[in-house]
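Participant: For reference, the chains in residue letters:
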Amino acid sequence: MNEKIEVDIKVPNQTRYLGLIGKIGEDIARTLKKYKGDREELAYHLNLVLTEAMANAIRHANEGDPEKEVHISITILDRILNIKVYDQGQGFDVNSLPAPNFRNLDEHGRGIYIIRTLMDRVTYQKHTHGHVLEMEKSLS
Amino acid sequence: MNEKIEVDIKVPNQTRYLGLIGKIGEDIARTLKKYKGDREELAYHLNLVLTEAMANAIRHANEGDPEKEVHISITILDRILNIKVYDQGQGFDVNSLPAPNFRNLDEHGRGIYIIRTLMDRVTYQKHTHGHVLEMEKSLS
Amino acid sequence: MILKIEEKGAAVLIEVKEERLDAHNSGELKTQMLALFEEGKNDIIVDLHDVRFVDSSGLGALVSGFKNASARNGNLKLCGLQPQVKSMFELTRLHRVFEIFPDSAEALASF
Amino acid sequence: MILKIEEKGAAVLIEVKEERLDAHNSGELKTQMLALFEEGKNDIIVDLHDVRFVDSSGLGALVSGFKNASARNGNLKLCGLQPQVKSMFELTRLHRVFEIFPDSAEALASF
Ligand SMILES: Nc1ncnc2c1ncn2[C@@H]1O[C@H](COP(=O)(O)OP(=O)(O)O)[C@@H](O)[C@H]1O
Ligand SMILES: Nc1ncnc2c1ncn2[C@@H]1O[C@H](COP(=O)(O)OP(=O)(O)O)[C@@H](O)[C@H]1O
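Chains as they are written, first to last, in my numbering: chain A, 1 to 140; chain B, 1 to 140; chain C, 1 to 111; chain D, 1 to 111.
The shape of chain A in the complex, shown without the other chains (with noise of 0.2 Å):
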């Protein structure tokens, strides 16, 4: 029998929120039927790749009004977890981001390389209101 598990959350614009997603994440990757892997490498993934993807949506997209919103959503079927976050911004494209330069000691720029690294599939597009990054993985 399939694993069917959705999680949606809408949280104030704020980074204050960070940890509550990433923890979410990380209980789903411990309640996982059947998952072969290191649950708790899984569960520190999706707690980063949530923080990434959401801290992005508050400081770029929202540019950190705290008056606007993020909604993630969060789901398992068929062993494939995909994670939405949605942001109220004017978008940038996530196909011409340099490649990370290991040797250039830059404060920023980690956040899509490591979402990039932890997840299958990454995409980026235009959503009602804003924009919305779509990440994927197989969990088997």
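Don't take each hint at face value.
Claimed, not checked - Each computed SDA-like pair below joins lysine to any residue, with the alpha-carbon atoms no more than 20 Å apart: (1) K67(C) <-> G109(B); (2) K10(B) <-> H71(A); (3) K36(B) <-> I5(B); (4) K84(A) <-> T123(A); (5) K86(C) <-> D106(B); (6) K41(D) <-> A71(D); (7) K10(A) <-> K84(B); (8) K34(A) <-> Q14(B); (9) K36(B) <-> E136(B); (10) K126(A) <-> E69(A); (11) K4(B) <-> Q88(A); (12) K126(B) <-> Q90(B); (13) K33(B) <-> E6(B); (14) K33(A) <-> K68(B); (15) K17(D) <-> K86(D); (16) K4(B) <-> D65(A); (17) K34(B) <-> T75(B); (18) K67(C) <-> R103(B); (19) K67(C) <-> H108(B); (20) K84(B) <-> N95(B); (21) K10(B) <-> T75(A); (22) K68(A) <-> H127(A); (23) K86(C) <-> S64(C); (24) K86(C) <-> L105(B); (25) K36(B) <-> Q84(C); (26) K10(A) <-> D8(B); (27) K10(A) <-> K34(B).
Since the hints were derived computationally from the structure, they do not count as laboratory data. Just so you know, these numbers come straight off a predicted model, no measurement behind them.
With chain A's structure known, arrange chains B, C and D with the ligands on it following the hints.
Facilitator: Below, chains B, C and D with the ligands without anything else, positioned relative to chain A:
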């Protein structure tokens, strides 16, 4: 500024997901802004009412059918915590349950009593394809 | 569910090695206690030391064990309750039913 | 954010007393390090012993401190990394940038 949090969860009708729902409740309690009471106590209470209501939906309403689904929504708005647990069952009369007899050592029958004790308002009503148990608590 | 079951002379000690004792796993605890009763082991200590969360089904399993032990002239006693777990017994008035000890040594000494 | 900052002779020890070092609180760590640099304290150890989770902003704050310390002929060294935090440095190749020690005593001895 107002703290608005909405978490909507759908999981299979199986008790193995009770822990996930309970933990999400705890995570929310630990994140709340400006809560003056005992945060760890609130976390336990949220975990508990979510666990009790979901266990009832699984066993009494959805009769343990693992193909059914439980839908839970947790909302915080204007310092009011609102929890809805949707089942796909025939319903029951929440107001005609006997008051628990503490001298009687029954194995069952403490769930709704616990929910009523910890929450300010509890209703159970018809809804599309089933019923919804709604519980509210003021957080200030 | 992880239970550590050990003969301790005067009683059998059941350590519940789970964070939660709830509607998901309390049936197993009940089954294990019934198996002990069948073997004539009617004096039981349940150590909840590792348990951080109990729901009404968890309490129900313990009540079931208590009634079965009493009916067989035995006793079921509890120990190791974390403060929030203790509160659950108070909320449901079950702290007046069970004998509750700080740890398994004290519970054992009471038999 | 809870930081414990102590002069240890050869260096200043900053213990991050938080479970998470992320976009929510890493700005504060940066500010605290800048304050130390202003006082001429350019040799710093950051002890991440209590930190279970670091994101790219947390790493960024540490990179910022490292660059500032180096520019002042000082050094910023790390210690107490939990295994999953260590993995974050490897994922971003920053384990080749920072000197990383098991604990603060070893980090201190290296100055
Ligand atoms: N949701 C978003 N909306 C607009 N721009 C974004 C968004 N997410 C990322 N970006 C852009 O992509 C860049 C790289 O993002 P990232 O790799 O996460 O690093 P950082 O956030 O540290 O700059 C950001 O600096 C920003 O310009
Ligand atoms: N969602 C539900 N659908 C149908 N019946 C319910 C539901 N929730 C509770 N009940 C009824 O109310 C009774 C009391 O529930 P509760 O106080 O939780 O105790 P218990 O579940 O241990 O019996 C249940 O035995 C059941 O008959």
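Participant: Give a verdict on every hint.
Facilitator: Checked hints:
1. K67(C) <-> G109(B): 16 Å, holds
2. K10(B) <-> H71(A): 16 Å, holds
3. K36(B) <-> I5(B): With a Cα-Cα distance of about 18 Å, the restraint between K36(B) and I5(B) holds, given a limit of 20 Å.
4. K84(A) <-> T123(A): 10 Å, holds
5. K86(C) <-> D106(B): The given pair, whose Cα atoms are some 19 Å apart, holds under the 20 Å limit.
6. K41(D) <-> A71(D): 12 Å, holds
7. K10(A) <-> K84(B): Status holds; Cα separation ~16 Å.
8. K34(A) <-> Q14(B): 15 Å, holds
9. K36(B) <-> E136(B): Between K36(B) and E136(B) the Cα gap is close to 18 Å, so the pair holds against 20 Å.
10. K126(A) <-> E69(A): 17 Å, holds
11. K4(B) <-> Q88(A): Holds, at about 17 Å.
12. K126(B) <-> Q90(B): 9 Å, holds
13. K33(B) <-> E6(B): 14 Å, holds
14. K33(A) <-> K68(B): Judged against 20 Å, a Cα distance of about 17 Å means the pair holds.
15. K17(D) <-> K86(D): 17 Å, holds
16. K4(B) <-> D65(A): Roughly 15 Å between the alpha carbons, so the hint for K4(B) and D65(A) holds.
17. K34(B) <-> T75(B): 16 Å, holds
18. K67(C) <-> R103(B): Judged against 20 Å, a Cα distance of about 13 Å means the pair holds.
19. K67(C) <-> H108(B): Holds. K67(C) to H108(B) sits at ~13 Å (cutoff 20 Å).
20. K84(B) <-> N95(B): Measuring from Cα to Cα gives roughly 17 Å; hence the hint holds.
21. K10(B) <-> T75(A): 9 Å, holds
22. K68(A) <-> H127(A): 16 Å, holds
23. K86(C) <-> S64(C): 18 Å, holds
24. K86(C) <-> L105(B): Between K86(C) and L105(B) the Cα gap is close to 18 Å, so the pair holds against 20 Å.
25. K36(B) <-> Q84(C): 19 Å, holds
26. K10(A) <-> D8(B): 9 Å, holds
27. K10(A) <-> K34(B): 19 Å, holds
The structure meets every hint from the earlier list without exception.
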